[in-house]
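Now for the letters of each chain:
Protein chains: 2
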Amino acid sequence: MKLTCNRDNLIEGINIVQKAVPSKSTISILEGILIEVGEEVRLTGNDSDFGIVYEVPGIIEEIGSIVVNSKTFGDIIRKLPDVYVSLETDNTGNILMISSGKANYKLKTISPENYPPVSFLNTDNAIELKSDVFQAMVKETSFATSQDDKRIILQGVFMEQRENEMRCVAIDGYRLALKTAEMAEKNDYGVIVPTKILNEFVKSLKPTDEKLKFCCNANQIMFYTDTYRMVSKLYKGDYIDYKRMIPKDFKTSVVLETKAFLNALERAALVINDEKRFPVTLYFSGNDTLTVSVTTEVGAIKEEVSARVSGDELTIGFSARNFIECLRVIEDEKIVLSLLSPVSPCIITGESDPSFTYLIMPIRTR
Amino acid sequence: MKLTCNRDNLIEGINIVQKAVPSKSTISILEGILIEVGEEVRLTGNDSDFGIVYEVPGIIEEIGSIVVNSKTFGDIIRKLPDVYVSLETDNTGNILMISSGKANYKLKTISPENYPPVSFLNTDNAIELKSDVFQAMVKETSFATSQDDKRIILQGVFMEQRENEMRCVAIDGYRLALKTAEMAEKNDYGVIVPTKILNEFVKSLKPTDEKLKFCCNANQIMFYTDTYRMVSKLYKGDYIDYKRMIPKDFKTSVVLETKAFLNALERAALVINDEKRFPVTLYFSGNDTLTVSVTTEVGAIKEEVSARVSGDELTIGFSARNFIECLRVIEDEKIVLSLLSPVSPCIITGESDPSFTYLIMPIRTR
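Same order as they appear, the protein sequences are chains A and B.
Position 182 of the first sequence, counted from 1, bears residue number 181 in numbering that gives the first Met the number 0, the numbering being contiguous throughout.
Position 297 of the second sequence, counted from 1, bears residue number 296 in numbering that gives the first Met the number 0, the numbering being contiguous throughout.
Next up, chain A with everything else stripped away, as it sits in the complex (with noise of 0.2 angstroms):
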């Protein structure tokens, strides 16, 4: 195996296989990458339910393939004093040379014969998307699900489309995010994906990656850019009814700045030493404030938030938490708030904004 590449495309390719490599395995020959030169040069991390594969572009010299330790080879590729790096094993193949400059590296190889190769999947079907609309739908959703290991399903993202509208829905305990977003073709399919591939994928895509697609079958799906692929299984089951737990019927609206109340929201938490026991109290009066309020043994706070009121008044309680991390997602200068009860849960939506919906469920005060 004998290449030439560029260090700092190197580098990229050894960033984004290395989200696929686990850092301790029981199975050591997934601590390391696979490097494959062929036809092309390709990078593959690789834990059993994850891979990725990487095309770095290279000027071959000589076929073949080794496994390296991700983590020391990642760390010297880093540090190379040159922009041009050669890679070439030594006769038995047990050895990789680097050189950068004036830096000559030795490294030790593992044979890649047991090393697990990643799939790819038939991109007949693909369904491409632009990237920022995809990077918003996975923001705004993969916070909320599960971290319950009893409900598996729910520790993923539902990703389903139904005539030309793509959603993605997560759901634990206490709240669900819906996100949605008008495809150009329309497709029917409904898949549950792992949270953390979602975050991985949508942090590897570059500013110039404008578009990308994937595609999926019954256990696995696909992500995938010009340079880089993303295998990943899927979680089996049928989701959760999700329409059904949204509410119609409302009897009090307000509309407020997302921001304010985010601020005053994150200054109640302070004195919140316990979510489950210290809900934040929420008072919607009829001369259009909010009051947020909480007493706790740590102290108390008591705010004013400046709220349109419309309907009924009403106190109810959550937690603190729950709506922060959904506030912290918004966009929208400004939401809406829809409720009904002091038992019934919390819908928000942005004022300008149709395509997110949060439901938040409420905790009784006492």
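It should be emphasised that the hints constitute simulated quantities derived from the structure, not laboratory data.
As the structure is a computational prediction, the values presented were derived from the model and not from experiment.
Among the hints, erroneous ones may be present.
Since the list gives no way to pick one copy over another, a pair counts as held whenever it fits inside one copy or between any two copies.
Result set (DSS-like, lysine-lysine): computed pairs, CA atoms no more than 30 angstroms apart in a straight line [unchecked claim]:
#1 Lys-138 - Lys-185
#2 Lys-235 - Lys-195
#3 Lys-70 - Lys-301
#4 Lys-258 - Lys-107
#5 Lys-185 - Lys-210
With chain A fixed as given, assemble chain B onto it according to the hints.
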């Protein structure tokens, strides 16, 4: 107690006194900040060995003093909505009311009776220093102090002045760091200051603090500026006669670029999984090159660095980390290495800056 002050002034004071507040203490009152309102507003943080007092400008309406939990108080003040803060205790003194804009907090207080006072030192013989000079002295020596609990004096920086020369010295078992500064006034003292306090003090200096002062007695040292005072215990004992450690005879002298040498050593360090077993080998050759090399269980590196070598050729081994830490704090673009033999220490000085000297002990290579 009742006062109004500027939020950002208060935040600055909290940030500084919190350096002396332990996050967990068996004496729970020490986890608090003492707020004293008399002719001025004073904040105090204090663990038993180290205390900081900061004066905040404020409009005082009623004198008094309380202790509040440092973390909660700091978190709240940092988040306040308005640039002005009003602090007021209720009738009982058990509750501190914090108001800013439309936000009103109530925070439980602790009685200040048992809070240990910070006793200031007599400033009659205080010594004045330029902040930038002192910051450089601390930065370029403190990293070389020991972590060894058995020789407590080596955990401190030796600060001494003889005639017009002030010196900071740090020694661990493997290296020595010495930095000198010319002083306008003659003096004669030598104290061992805990490294942590020196680092905290220089980090707290603002760009506008052009000068600082310090004074000491047999047991304590006080550093101070216009706004705050830090009082720390000193380590007791006689410091090592460091001047005798620095050799005067050399057979090899090398001039090389600090940054190029640092980069080569940092690259070499990437394959070193055990500093003691795998020293980096430096070969200073007659044809004006330094070859940096090391072979370990992880891999090997060999790199040439341009160097002007005078005198004998030499091959010598060092802990890469010990060298790297020295080179990282050197500002001079070029350094001079002075060497005698593979078992004698290396002396590092600046090519144009004579104010620092590092000594590094060699490690026998195999």
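Given identical chains, is Lys-235 near Lys-195, meaning Cα to Cα at most 30 angstroms, within a copy, between copies, both, or neither? This pair counts as within: shortest intra-copy Cα distance 16 angstroms, inter-copy 54 angstroms.
- Message: Regarding Lys-185 and Lys-210, is the shortest C-alpha distance of 30 angstroms or less found within a copy, between copies, in both, or in neither?
- Response: The answer is within: 18 angstroms in one copy meets 30 angstroms, while 71 angstroms across copies does not.
Within, between, both or neither: Lys-258, Lys-107 at alpha-carbon 30 angstroms
Between copies only: 28 angstroms across chains, 53 angstroms inside a chain, cut-off 30 angstroms.
How do Lys-138 and Lys-185 come out at 30 angstroms by Cα distance, when the copy is not named: within, between, both, or neither? The answer is within: 24 angstroms in one copy meets 30 angstroms, while 64 angstroms across copies does not.
| request: Indicate which option fits the pair Lys-70, Lys-301 if close means a Cα-Cα distance not exceeding 30 angstroms: within, between, both or neither. | output: Only across copies: Lys-70 and Lys-301 sit 20 angstroms apart there, 50 angstroms inside one copy, limit 30 angstroms.
Figure legend: structure checked against the earlier numbered hints; every hint is met.
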